[in-house]
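Mapping of the sequence shown onto numbering that gives the first Met the number 0: position 90 corresponds to residue 89, and the numbering continues sequentially without gaps.
A few of these clues could be false.
Derived DSS-like pairs: lysine-lysine, alpha-carbon spacing no greater than 30 Å straight-line [as the list claims (entries may be wrong)]: (1) LYS33 x LYS57; (2) LYS75 x LYS55; (3) LYS79 x LYS33; (4) LYS106 x LYS33; (5) LYS105 x LYS33.
Since the hints were derived computationally from the structure, they do not count as laboratory data.
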Amino acid sequence: MIRIMFVCHGNICRSPMAEFVMKKIVADNKLADKFLINSSATSTEEIGNGIHRGTKAKLTEMNIPFTSHHAVQITKDDYKNYDYIIAMDSMNLRNLQRIVGFDNEKKIHRLLEFTNYSRDVADPWYTGNFDVTYTDIDNGCRALLEYIKEHNLKIN
């Protein structure tokens, strides 16, 4: 089983959006039974809070199912238990290093590293633009799945 943890600052906008987008993509590819996909935060600011209304609205608009979700913070154990830890931006890469330590196993990546755009996924908490964030996340998740298909024997 391939284990993916998506990470953003608060775990209410970008990382849950990525979690549910990726779950839909792997289901559409008939690979859902080969993946465990979750999301978490690097901060404690939103712990226990649900998905942001803008993320819910965008997922609903795009016909992407989602379940109840409460923000959690990533832990050192999560580093051990996941194959891919996918950050939404550079700040969260730095925060991840503080939380989990050095990435000896090269598990931590920025989502858009897997696309032609090696940049951060904009935080709609600040921009208010859930459309742009969704497009980046959808493109990043599709590229991540292609990367996994090419590099991981667990799904072949």
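Comparing the hints with the structure gives:
1. LYS33 x LYS57: Roughly 26 Å separates the two Cα atoms, so the pair holds.
2. LYS75 x LYS55: holds (29 Å)
3. LYS79 x LYS33: holds (18 Å)
4. LYS106 x LYS33: holds (18 Å)
5. LYS105 x LYS33: With a Cα-Cα distance of about 21 Å, the restraint between LYS105 and LYS33 holds, given a limit of 30 Å.
No hint from the list above goes unmet by this structure.
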